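S.K.: The chain contents come next:
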Amino acid sequence: MVFEYAPAPESRSVVEIKPSYGLFIDGEFVDAAGRFKTANPATEEVLADVGEADASDVDRAVAAARRAYERVWGPMPGRERAKYLYRIARIVQERARELAVLETLDNGKPIRESRDVDLPLVAAHFFYYAGWADKLAYAGFGPDPKPLGVAGQVIPWNFPLLMLAWKIAPALACGNTVVLKPAETTPLTALAFAEICQQADLPPGVVNIVTGAGDTGRALVEHPGVDKVAFTGSTEVGKQIARSVAGSRKRVTLELGGKAANIVFDDAPIDQAVEGIVNGIFFNQGHVCCAGSRLLVQESIADDLLESLKRRMALLRVGDPLDKNTDVGAINSRAQLDRIRALSEVGDAEGAQRWSAPCPLPDRGFWFAPTIFTGVSQAHRIAREEIFGPVLSVLTFRTPAEAVEKANNTPYGLSAGIWSDKGSRILAIADRLRAGVVWANTFNKFDPTSPFGGYKESGYGREGGRHGLEAYLAH
Amino acid sequence: MPTEQESPAATTEPTVRLAVRKTYKLFIGGAFPRSESGRSYPVHTATGDFMANAALASRKDARDAVRAARAAFGTWSAATAYNRGQILYRVAEMLEGRHAQFTAEVAAATGDRDAAAAEVDAAIDRWVWYAGWADKIAQVHGAANPVAGPYFNLSTPEPTGVVAVVAPPESPLLGLVSVVAPAIVSGNTAVVVASEDRPLPAVTLAEVLATSDLPDGVVNVLTGRVAEIAPWLASHMDVDAIDLTGVTDAGLAVDLETAAAENLKRVLRPAPASSDWAADPDVQRMLALIETKTVWHPKGI
Numbered sequence: 001m002v003f004e005y006a007p008a009p010e011s012r013s014v015v016e017i018k019p020s021y022g023l024f025i026d027g028e029f030v031d032a033a034g035r036f037k038t039a040n041p042a043t044e045e046v047l048a049d050v051g052e053a054d055a056s057d058v059d060r061a062v063a064a065a066r067r068a069y070e071r072v073w074g075p076m077p078g079r080e081r082a083k084y085l086y087r088i089a090r091i092v093q094e095r096a097r098e099l100a101v102l103e104t105l106d107n108g109k110p111i112r113e114s115r116d117v118d119l120p121l122v123a124a125h126f127f128y129y130a131g132w133a134d135k136l137a138y139a140g141f142g143p144d145p146k147p148l149g150v151a152g153q154v155i156p157w158n159f160p161l162l163m164l165a166w167k168i169a170p171a172l173a174c175g176n177t178v179v180l181k182p183a184e185t186t187p188l189t190a191l192a193f194a195e196i197c198q199q200a201d202l203p204p205g206v207v208n209i210v211t212g213a214g215d216t217g218r219a220l221v222e223h224p225g226v227d228k229v230a231f232t233g234s235t236e237v238g239k240q241i242a243r244s245v246a247g248s249r250k251r252v253t254l255e256l257g258g259k260a261a262n263i264v265f266d267d268a269p270i271d272q273a274v275e276g277i278v279n280g281i282f283f284n285q286g287h288v289c290c291a292g293s294r295l296l297v298q299e300s301i302a303d304d305l306l307e308s309l310k311r312r313m314a315l316l317r318v319g320d321p322l323d324k325n326t327d328v329g330a331i332n333s334r335a336q337l338d339r340i341r342a343l344s345e346v347g348d349a350e351g352a353q354r355w356s357a358p359c360p361l362p363d364r365g366f367w368f369a370p371t372i373f374t375g376v377s378q379a380h381r382i383a384r385e386e387i388f389g390p391v392l393s394v395l396t397f398r399t400p401a402e403a404v405e406k407a408n409n410t411p412y413g414l415s416a417g418i419w420s421d422k423g424s425r426i427l428a429i430a431d432r433l434r435a436g437v438v439w440a441n442t443f444n445k446f447d448p449t450s451p452f453g454g455y456k457e458s459g460y461g462r463e464g465g466r467h468g469l470e471a472y473l474a475h
Numbered sequence: 001m002p003t004e005q006e007s008p009a010a011t012t013e014p015t016v017r018l019a020v021r022k023t024y025k026l027f028i029g030g031a032f033p034r035s036e037s038g039r040s041y042p043v044h045t046a047t048g049d050f051m052a053n054a055a056l057a058s059r060k061d062a063r064d065a066v067r068a069a070r071a072a073f074g075t076w077s078a079a080t081a082y083n084r085g086q087i088l089y090r091v092a093e094m095l096e097g098r099h100a101q102f103t104a105e106v107a108a109a110t111g112d113r114d115a116a117a118a119e120v121d122a123a124i125d126r127w128v129w130y131a132g133w134a135d136k137i138a139q140v141h142g143a144a145n146p147v148a149g150p151y152f153n154l155s156t157p158e159p160t161g162v163v164a165v166v167a168p169p170e171s172p173l174l175g176l177v178s179v180v181a182p183a184i185v186s187g188n189t190a191v192v193v194a195s196e197d198r199p200l201p202a203v204t205l206a207e208v209l210a211t212s213d214l215p216d217g218v219v220n221v222l223t224g225r226v227a228e229i230a231p232w233l234a235s236h237m238d239v240d241a242i243d244l245t246g247v248t249d250a251g252l253a254v255d256l257e258t259a260a261a262e263n264l265k266r267v268l269r270p271a272p273a274s275s276d277w278a279a280d281p282d283v284q285r286m287l288a289l290i291e292t293k294t295v296w297h298p299k300g301i
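Quick note, the sequences are listed as chains A and B, same order.
In case it helps, the working numbering puts the first sequence at residues 1 to 475.
In case it helps, the working numbering puts the second sequence at residues 1 to 301.
Chain B with its partners taken away, still in its complex shape (with noise of 0.2 Å):
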């Protein structure tokens, strides 16, 4: 063995350790893929140094994303209240773990570190306050209905299918979580287009979702370009529901909106540029994703 002072180590630069990068992918089925286009892009912080290369996702990435939200949507809309209540708070649990890890994927892609972090409890405190609406929604805007006639007469809510979701640009992770929670707590599922320029935290919440026995597919996330994906979203026969909240650009708003009347998917049009995704939400994002149902029965000896 060589002693201390023979190591050729001693003699030279003592080495720093070098980080382990990780590669940003997208999330689609449970399943972490590249795009299938082999493409990607890079993302810069806020002061234009390079971070990461995140996948830059295709029609096809769009569609595989689509099919797998429809395959989780009987399992995840069948679900019990409470079991989707209970999944959605081991989500909180599970970002609350990675607070730190946020709050530097945050302050790199807006350059504030101490708004970062109030960001990132804003948002765990949010995914929280939506779901406890698991087994709220239907008693709040659910109905008994006095109809005029020996009937039992029920409303209750349900999801209305696969939602497409463009998520806001300038609020990585806020925004982000303030309108996937809103999204699948009612039982519908998701295909999110990530923020475009900010993209990292979408792909690390995608790892906490991947982690919270989640079903696969419930939420599916892309990163890329809105205008290329979204129109494919837009005009997917399988997609109930867009929110284009995060869309900037009102030209594309307008094509989104046309092409999304093809099959009638419920619409909410983008926010406007003012948005505080601090301030407290209502409960209209989750209403606007759902369906009321109504039952008849008679009642007679």
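Okay, chain A solo, but in the shape it has when bound (with noise of 0.2 Å):
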């Protein structure tokens, strides 16, 4: 007998969308230079026309940043800019199953994700920051540590709201003020959150969204009134701006790429490591930049392991990420959709083999089955540029030497994932690896008490925890 899941959709009514947005400047909604609509990725429907800033606007948002730094945020003390930073935290709560649904609409990501992983994250970040405006003297920059003056602020589309609290609590926390841009497919939590800012009585210009796309971004990150920029995206962009930036006073920290290792030993508890290889892969539909892309499971378990990866990845549930049993959402936009069947049909070419989950895909939207690759060498594409999707590449290893010599082996070094009973084991493999976060037994865990950041290529500075606090503190 087969039990069947009955659809349970969330509510759409939690979120009242409007017909066209403005930019967040100054404390109010304004007018842009342009206009540019922006889709829910698992319909094709367009929510809300959303405002494009040009040079001038940008102009306009720092110039405010730059008054509010001046006049109020910077000199304000510490204790009082925690009392702002709580009251958003607070709304946030308050309104999170409005935002959660809201995040699911415009980015595609499961309800599931946005209601119990994306916005508890995005209030705890903002209670955690907001604890910390009051305590800059014991976090270990100095006495006495001031801010920078205006952050200029890029985030990327995978978790909007999210990288968007990684962005904006610790630079107010510290005395900032910031101008962000979300991307271009997923403004509206970012415009939601402009909302917050006035329900929580933020002072005008402390925070300003300022929405369009990479000519937007660019006009931000080059304007001479930023001090600080900061940008979560892909290592490509990343290095633009590390160039732009080349022979100013601006202070950069770039959260890039990843293509993160996942090592399985043989004495791994291996259901345990399926579940971690599917959540480190196909949590958000592998837009994760430290997604466990790469899978280097030790040769004597692949087969069992591989068997079992399989079977449990026929159980994931792909469709309305509306749906509370959805696992497996909508591809952000199809312009990525394109990159991910372009970079698959690379590794048919390259001779890997591909297997993909036997799942119904809707009609409409844009969808990719949650995929591996196995017979995938070092050499191929797939093992080295970063996917951006559901898609693992299959690699196995011999000894502990070979594992970690072949997760090191990429321009990346964001994350990485070890499974295995032995903790002496993890810990000295762990010491091995050129990762930012390294995962043992788990992965994909978050907490804004916990820094996360990469080596190499993969972007440098820290976001959260104390050490997130030092990309915003001159010192």
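Among the clues, some could well be false.
Over 10 Å on every C-beta distance to chain A, these chain B residues come out as not near it, computed from the model [as the list claims (entries may be wrong)]:
(1) 32
(2) 46
(3) 81
(4) 125
(5) 135
(6) 139
(7) 150
(8) 207
(9) 237
(10) 238
(11) 294
According to the in silico footprint, chain B covers these stretches of chain A (three or more CB under 8 Å from chain B) [said to hold, decoys possible]:
(12) 80-94
(13) 426-437
For the chain B half of the interface with chain A, some residues (derived, Cβ under 8 Å), not all of them [to be verified]:
(14) 89
(15) 136
(16) 295
(17) 296
(18) 299
Hints in this document: simulated from the structure, not taken from any laboratory.
A quick note: this is a predicted structure, and the numbers were derived from the prediction, not measured.
We put the beta carbon where it would ideally sit given N, CA and C, even for glycine.
The two chains are supplied separately, each in an independent frame; assemble them into the complex guided by the hints.
M.R.: Have a look at this one:
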């Protein structure tokens, strides 16, 4: 007897999406030079018309942030800044369900993830950094650390509101003001956050949101009035930013791509490892910079593990992101879907064996079935390049030294996973991995107290934890 | 129905509504009992007017409070730091909601209404300051230790256990908050002896704590004579630390510290008479009430 799931859709009625949005500058919504549309990637339905900021709009936003920094936010005592951030954290908690639904509509991620992962982490991040605002002298960066000024922040589309929180919370806690540009495919939760700033009575100009695409981001990053650039996104754009600030006084932090190795030793608890592998690569459709996209499995257990993995993948439910049963949602955009398809075809052409979960996909919207490639070598492009989708490349190893060698054989260094029952082995391997976050017998764990960021071409600087303050303090 | 003119009330003095007074009781294990001894003592304003009869706590009340604190320690110390921080911040929200009530009680006790309002402001901000430490004290005072060998070695702060606190006598709210918050933020539970002559804000604080999702027994408040209650707490074998900040009798303080030595309680000695509770605190009170635990684990393939 087979039990089937009945659809359990989350109600859209908790969200009111306006037909059009302006930019949020100096505490109010204003018209932008241009317009663009944002759509639901699960249905291709247009959700709203959004302002596209040009250089003059960015200029206004930076000027507003400068005024707010000099007159209000910079001189304000830390304990007062703290109370604003606590207010924001509380309003996020109060409006969490609404924001989760909005995030899922605009991004395509399953409601189960936006509700249970993104939104709780957003609130926790503001809560955590609120508590630092009046304790900066204890953070280890000198007895009286100072803010930098105006931060220009550009964030990606994979965790729109969470990346906003990672950027804005520490910046404000340290006394900086911000101009933030959300990704062009996911601007809506950032605009909802602008309303939250209004509800919290945050002084005008402390947070400014300019929507737009690459040109808007470039205008922001290159604006001479910006003291600090914080970027999360592709390594390619990260390198452009690093070049564009060369010779300036701007401080920069970059959180870029990854190609994390998820290493499974023969003594690993197989069922837990399979869950961890699935979580590592199929969480958020694989749109995760720290995704465990390279599975390194010890040869002696490879066949058994892959059999279990395929059995588990066949049970993943792909489809309506608003359905509370859904495990894997929509690919965020047609452009990203094209890229995932193109790299997967390269995988076929280079001789790797593709296997996809036998799941039905909706007719409309952007979808890609959870997929693994076996027989992958280190030379294959699908082992070297970030696919940023639900595609796992499987490689094998025989000895721990070989596992380390292969894991580190990448220009990236954001994260890694280790699966083993032996604590001493986990710690020894972790020491040898050139990656900023190492998960042992777990994967994709995030916490506001825990620093996150990469080695090598995964960027520089850390976000989260006490270490996350450093990027926003002069010292 | 009688008409307006016929109403007897219309022919007598207009009545002034009589206020319903509050009974100020102890706070033990989340409940508000009177003293088991049945005793009370009068509390007066700064100008000598009668305000209320506070419960005069006994040895038995103190022991009940220790038992409640011990029972709460497991849950509270095991709660995530984030959860403790959220609950303590909720306490600050509830304090703010009772701003006017605290101001009135502090003003009655100290006789200075403007200073009272400022003391309540400072007490709320102080509570917020400590709430934020819940998930930061380990980051500032823990360490990954680079031992000379193939070992993972991590030191983390943990709460010491049940803390008995004698609150400062002169600062009935700000001083009280300044000794209670640092004790519980790291996961300790507390038995607090309120300011002897100005105990009413402590009882109202207990009402705030009772409505802030703080688990029952994390804070227990006793009102009464320091000289009577504190010796029982200092010699109690299930109390792990004692904060003598509010003990003004030097001889009593020595006796309490001596009694505390029996099970090597951590002791915070009395505050200097000139203590300025409005000054920014540092982390010393929190550090005095935590233990550092260091975990070793080998590294090797």
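S.K.: All hints, please: hold or fail.
M.R.: Evaluation of the provided hints:
1. 32: holds, 28 Å
2. 46: holds, 29 Å
3. 81: The claim breaks: residue 81/B does not keep its Cβ more than 10 Å from every Cβ of chain A (closest is about 8 Å).
4. 125: violated, 5 Å
5. 135: violated, 5 Å
6. 139: At about 5 Å from chain A, residue 139/B fails to clear the 10 Å cut-off, so the statement is violated.
7. 150: For residue 150/B, whose nearest Cβ neighbour in chain A is about 7 Å away, the distance does not exceed 10 Å, so it is violated.
8. 207: At roughly 22 Å from the nearest Cβ of chain A, residue 207/B sits farther out than 10 Å, so the non-interface label holds.
9. 237: Label holds. Min Cβ-Cβ 35 Å, cutoff 10 Å.
10. 238: Nearest chain A Cβ is 32 Å from residue 238/B, so the label holds.
11. 294: Its Cβ never comes within 10 Å of chain A, the nearest being 16 Å, so this holds.
12. 80-94: Our answer is that it holds, as 3 residues pass the Cβ test (under 8 Å) against chain B, meeting three.
13. 426-437: Answer holds; 4 residues pass the 8 Å Cβ test.
14. 89: holds, 6 Å
15. 136: Because about 6 Å separates residue 136/B from the closest Cβ in chain A, which is inside the 8 Å limit, the hint holds.
16. 295: violated, 11 Å
17. 296: violated, 11 Å
18. 299: holds, 4 Å
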